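Engineer: Sequence:
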Amino acid sequence: MGQARVYLKQGQTDRARAAVDALQPLAPLDPRLLQLRAECALACDAYSDAVSLFERALTQSDQATLWAGKGAALRALNRQRQAAACFQRARALCPEETLYHRKAAECLLTAGQPHDALDELSVNSSNAEALRLIAMVQFEMGLEKASFESALKSVQRDPQGNSLRLARRLAKTPHDIAEINKICAPLVSNSAIPAPVLAASISPDRPDLAQRTLAEIEEKVTLPATPADQKAAFHHVIFRHYDFIDAREVARQHLVQFHKFQCINTPYRRSQDSALFTVLKRLRFTALPLSKSSVLPIFVTGLPGSGRSYACELLQSAAKPATARPLHLIEAVMNRFMRQLRQSGSRDVSRDDLMALQSELRSGLLQAANGSEIVIDSAMLNFRWSGLIHAALPEARIVHIKSDKMRTGWAMYAGSHDNKNLGCTHDLNDLRAYQAHSRQLMQHWEELSGGSIVSISGDALLRSSGQSARAMVEVCQLKWSRNCTSAPTARRSDWYRYADLLAPLRDMPDTKDANTPM
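Numbering (our numbering), first residue to last: 17 to 534.
Read the hints as simulated data drawn from the structure, not as lab findings. Small disclaimer: the values here were computed from a predicted structure and weren't measured. Check before you lean on any hint, since a few could be wrong.
Heads up, simulated EDC-like pairs for lysine to aspartate or glutamate below, C-alpha to C-alpha not over 16 Å straight-line [to be verified]:
hint: 1; residue 1: K297; residue 2: E462
hint: 2; residue 1: K198; residue 2: D174
hint: 3; residue 1: K188; residue 2: E329
hint: 4; residue 1: K198; residue 2: E165
hint: 5; residue 1: K308; residue 2: E411
hint: 6; residue 1: K276; residue 2: D446
hint: 7; residue 1: K169; residue 2: D192
hint: 8; residue 1: K169; residue 2: E195
hint: 9; residue 1: K495; residue 2: E389
hint: 10; residue 1: K495; residue 2: D364
hint: 11; residue 1: K297; residue 2: D364
hint: 12; residue 1: K276; residue 2: D443
DEER-style ranges, computed between Cβ atoms [as the list claims (entries may be wrong)]:
hint: 13; residue 1: L93; residue 2: G431; range: 30 to 38 Å
hint: 14; residue 1: E265; residue 2: G361; range: 51 to 59 Å
hint: 15; residue 1: Q269; residue 2: Y512; range: 13 to 21 Å
Yeah, the Cβ is synthetic: ideal placement off N, Cα and C, and Gly gets one too.
Make a model of the complete structure from these sequences and hints.
Structural biologist: Set out below in structure tokens:
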């Protein structure tokens, strides 16, 4: 049994399974063997088999590790509420293991239950990781000030890259930035600080901090012992620094190296995105009739660099006290819905399918609204589901922000370290294909919706006349007021400085007849 576990840890799943199968006849109900078989199934993505095996093991022994394993398998199947219940049972059996608290909270948050997630994390909120998750949950609930304070507490207890990055993302005022820098300054003087901290410490508003850490990073990036994921982070930090001071050639070299190491860390299969876009465009359905809903959902989508962030700020200022934030539940619900469609093998989405989808979405949105009449989802990649969301939620306002392909392409390629769901960004040919197919899909959804899904130019939103901004607010059934956020200064066209590097993106057709291969 020990050898089987060694094989499993080494990633030799077939040999581990063979070793377990050889022992199984000797003790068919041994929970340890059943657990090993379940873990082998997990390693092979056979999640349903893993759930069954963990359940059999639990009939023999009520152990925390078995409940946690079952929770992991259910989570992979996007059965988040059931997964949370499993992690909660594991926590009850082993209260000193803080990981179970966090896993349960993550499942509840993904399931659209931020209040329950916060309650779960509050059981043990003394460690840094729990505080970081609390900050994320509070942000999901629209409690921006509280979320920033929790993020700062997380950094103070255990300064790791994820906590620093979250705190910087949540910072809204110069005072917030000063609080972060107060923590960062003493850290960078320590030569033994972890790589993620170095990567998170550089910020354009603190060039002195950048200079103090840059030499350390440039030294570490050349060391053979530095792992590929850290080298990727280092190269991107160095790129940001030289890009900021307009040393383009050096910046370009490090950006290329960043993507080289990211390709090693996160291999991307273009065929998976291709299959998803193809399936979505082939679906056949009839939208449900408008019915009463207690919440007005507004979905704002758009690729990085399109102007989506400003659109969200504008709508948020018009919809106060509602806040715009990415809702994880939409991604979870739609992935589960698409998995069920693929398993059925049908292109037809029935009325019953849409009614079930409507019920699940409305339930999650009601909790996300937290008492408000309006909820604004700012998840950029929800454009993929726009047609289905419109069909299930005819009351929803769906706005897709679009922009020049070179501008969005550069935003994705230069900043893709933050876009973990966009594996296409590490190769310009993959990126070009993804952009082309996303445009085709949005044109398809717009035509299918009969005008209920609206695309708006991000560049037009920034015009001083404010006509497009006012039109977007009205489309979302909101009222323009003096509270509405004014347009920011015109965006800098950074991509022109790297035009030769981005040459593959120029070949992407702009029309709906684009046939860029995926």
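Engineer: None of the hints should be skipped; say for each whether it holds.
Structural biologist: How the hints compare with the structure:
| no. | hint | verdict |
| --- | --- | --- |
| 1 | K297 with E462 | 12 Å, holds |
| 2 | K198 with D174 | 15 Å, holds |
| 3 | K188 with E329 | 12 Å, holds |
| 4 | K198 with E165 | 14 Å, holds |
| 5 | K308 with E411 | 8 Å, holds |
| 6 | K276 with D446 | 14 Å, holds |
| 7 | K169 with D192 | 13 Å, holds |
| 8 | K169 with E195 | 11 Å, holds |
| 9 | K495 with E389 | 14 Å, holds |
| 10 | K495 with D364 | 38 Å, violated |
| 11 | K297 with D364 | 12 Å, holds |
| 12 | K276 with D443 | 9 Å, holds |
| 13 | L93 with G431: 30 to 38 Å | 32 Å, holds |
| 14 | E265 with G361: 51 to 59 Å | 52 Å, holds |
| 15 | Q269 with Y512: 13 to 21 Å | 19 Å, holds |
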